[in-house]
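From first to last, the protein sequence lines are chains A and P. Just so you know, the working numbering puts the end of the first sequence at 327, numbered straight through with nothing missing. Just so you know, the working numbering puts the end of the second sequence at 327, numbered straight through with nothing missing.
Heads up, none of these hints are tricks.
Given that identical chains are not distinguished, each listed pair holds provided it fits within a single copy or across any two copies.
With a cut-off of at most 25 Å between alpha-carbon atoms, the simulated SDA-like pairs for lysine to any residue come out as follows: (1) Lys327 / Gly236; (2) Lys242 / Gly35; (3) Lys106 / Asp158; (4) Lys242 / His32; (5) Lys106 / Phe159; (6) Lys242 / Glu256; (7) Lys327 / Asn45.
Treat the hints as calculated values from the structure; they're not laboratory data.
There are 2 protein chains.
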Amino acid sequence: MIDTSELMEMIDRGISRLPLPDHLPGLYDPIRYAMNGGGKRLRPLLCLATCQALGVYPEEALNQALGVELFHNFTLLHDDVMDRADSRRGRPTVHCKWNDTTAILSGDTMLTLATQIVAKCPSDKLPSVLAIFNSTAMQIYEGQQMDMDFESRSDVTVNEYMDMIRLKTSVLLGCACQMGALMADASGSTVRQLNEFAVNLGLAFQLQDDYLDTFGDPATFGKNTGGDILNDKKTWLLSTAMQEAPERIGQWINAGRTQEKIEAVKAVYEELRLPARIHELIDSYAAAALSALDMVNISSVDHEWFASLTHNLSLREK
Amino acid sequence: MIDTSELMEMIDRGISRLPLPDHLPGLYDPIRYAMNGGGKRLRPLLCLATCQALGVYPEEALNQALGVELFHNFTLLHDDVMDRADSRRGRPTVHCKWNDTTAILSGDTMLTLATQIVAKCPSDKLPSVLAIFNSTAMQIYEGQQMDMDFESRSDVTVNEYMDMIRLKTSVLLGCACQMGALMADASGSTVRQLNEFAVNLGLAFQLQDDYLDTFGDPATFGKNTGGDILNDKKTWLLSTAMQEAPERIGQWINAGRTQEKIEAVKAVYEELRLPARIHELIDSYAAAALSALDMVNISSVDHEWFASLTHNLSLREK
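Chain A on its own, in the form it takes in the complex (with noise of 0.2 Å):
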């Protein structure tokens, strides 16, 4: 049965145990306090549930999860440089502790040393494991990729959007439990549909993440709400939007970052029923990601785990 303290444990732990020496702190450092910021540690804590859900052991995924979850930072270093973005969990971002140079270095090297610990697996399984996690990473950085070409441009639909998405968050989190499968020796099938279980689970997260940007509670959410209306992002809110009252939510782009424009696009928002279409919209993904997990031959004290930890992940306020 799956504990999920239990498994943050073993993540926490593993995180701790990461091959990062003593030397050349410059470059070591900075991975250091990446991997230690906190964060949900979703994308390895699917991994190893993943395992042990088909029957084997967590820790025989402990180096594909660790793996996955440094891919994961190492994105976060190097999009924090491109979005210039200087917080990050609470803290300031690498590059603004230290600066441009160490988190394009410190980044680079975390992707290596992601391979690297992907790779520490029995041998008849290394050129499954390492398919899936370079076409994952080559996927990411397409979604990347189109999420700054949408910066400059105002016809972003929402079928793009959902592709951006796809690419840019949900694959990882399929990386994961594929990774999780793998180990356990599953079939090729059964790989497939917890791949299509995660990226399904991704969409509904990311949707989330767009919901509570701009409809969240500041007090829970942790940030500021808003955000994403006053840079103008292309999120499922605002394509849609763009695509069902141009123009009067094409007045405010480019419009300044006041509070009175935040307010008048969230009145659009709202007369558009947004807020309660993304959350069909949530649940018709958190749906599909748990038909594709009927699928699969799991206990039902499992199958619930994940069914339970969709639901938290999509309904989650912060």
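Based on the hints, put chain P in the right spot on chain A.
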């Protein structure tokens, strides 16, 4: 018998067929640009020549040769951002032609693509190929970090400098030869000797680079000389002079970017006989390279090819 121009054609053909999609030009055009910018193609050439000298058709090592060349160009993209370099091989660098964001993300993509391509090998060879590739990458990041750390130090010793260039430059030449040897099913000791050959070749190569930047003929060198002096770059020349004539050199550190500084520093170097002494050192590394090569069982015509490459690179004027 090794035919350089035949191998170069194989490399060019391989580069033109890299799996770079037509969509997302913001991501893939900079990679095409970087890979089509010329360069000596020294690393893939060493990889293919090694494979062929060991009796195996060089195309067997083409993926590894291309992966190493992609990796090398990835490091150039990121290094150029870190060093704020605006031109390379006579063209604007990627971050100048596009922007930092593009150089970071396209560079990340090249690193993962390089890993995908070196991994295209028989599965029994995959663990060794991947282990050598990844550990080489880690050493190169460490070398780059040391190089950056040196910028803010005035007490860099010659030994530290040699350690840095071994990591930053030489180990990738070693990796290229090791890949070629692995694909030719060479024994462990052959792989090690060829690595030893290439690492020493790399040191000779980098020292000649240092020499040319200060004492080269601008007409043949292709760029102005004296850049390292103006930037107080911790080269073999500067580290040696700082140890042997700290006062006469020290007064010129951080002394502005004048022709007078170039001439004065060169005069100290010449008094210390550094041009002659760096060439004695280059010759000794070239000799070490060739004596490692003597231990490898290859034909005398192939041995001659490697000896002549070593000679040309050590004495090159550009």
